[in-house]
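Colleague: Sequence:
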Amino acid sequence: MKLSRISSIAVILVLSVILISCGRQKETTQNGKTESKQTTFSFTDLAPKDVSEAVQGDWVIKQEMSDAEKLNPTVTNDASASGIYIYIFEALLDVSRETYDLVPVIAKSLPVVSDDHLTYTFELREDVKFSDGKPLTGEDVIFTIKTIKNPFTDAQALRNYFADLKSVELVDGNKYKVKFTMSKPYFRAIYSLGGVYITPKHILDKDNMNDKFTFEMLAEAQQDMDPKSIRNFRNMQIF
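If you read the sequence shown in this note's numbering, its first letter stands for residue 906, the second for the next number, and so on.
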């Protein structure tokens, strides 16, 4: 044990010497002698010097550790992907970085919540468009939620947060007003419902395949594939 501790201390000392050496630059003085000068680095050195022409919505350049797995927020929980798609898609609500309060984004305001906390009604802004100019409507919201709840979609990372969501529907046929109905109250429902990134139905479901599924059908399919039906789990294998 003592030998191991001594070895660890020795390694730390060697690394310290190397790091100190790397942080010094040698300079030649007038008398021909060399002196070491400690240098420092700050991330502010990388900041652009002239930002006078920068505008809101200008370029954003980020360094990622790896390539993004996918850029569809519904079917990926990849860290690199999330660092990119947050600049591509929007949610109904977001959390303010200053106050940490919920603030509307696609929604006009915070939802109207029923007294029993089973229904959440959102009114959507009518000026929100996807990058191709198509308007974002309640149909896109319904499509996104149906895709998440579909057990044949690779959306396990999100599906658990919507397990108690019973349905999503337009209010009186108004495509800019949607109502979420829960089967039972969930204390984080407003964050789950308001925080999901909305994807374009007209691009991802051109043949309206999702329209063939009702929320009742999706709930039944989910029950049929419930993991409780697995009888035994042992040695990292499912039987």
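In short, the hints are calculated from the structure, not lab data.
Built from N, CA and C at the ideal position, the CB exists for glycine as well.
One should not assume that every hint holds.
[Claimed, not checked] Cβ-Cβ distance ranges computed for the label pairs, FRET-style:
1) Ser1014 - Lys1117: 17 to 25 angstroms
2) Asp972 - Val1076: 36 to 44 angstroms
3) Thr1086 - Arg1030: 21 to 29 angstroms
4) Glu1003 - Asp972: 17 to 25 angstroms
[Claimed, not checked] Pairs of lysine-lysine, DSS-like flavour, derived with a Cα cap of 27 angstroms:
5) Lys1013 - Lys1084
6) Lys1089 - Lys1117
7) Lys1089 - Lys1111
8) Lys1034 - Lys1089
9) Lys1082 - Lys1117
10) Lys1117 - Lys1071
11) Lys1084 - Lys1117
12) Lys1071 - Lys1089
13) Lys1071 - Lys967
14) Lys1039 - Lys1013
15) Lys967 - Lys1084
16) Lys1013 - Lys1082
17) Lys1039 - Lys1089
18) Lys1013 - Lys967
19) Lys1071 - Lys1082
20) Lys1111 - Lys1039
21) Lys1080 - Lys1039
22) Lys1084 - Lys1111
23) Lys1111 - Lys1080
24) Lys1084 - Lys1071
25) Lys1111 - Lys1082
Colleague: Determine which of the earlier numbered hints do not hold for this structure and return their numbers in increasing order.
Modeller: 1, 4, 7, 8, 13, 15, 17, 18
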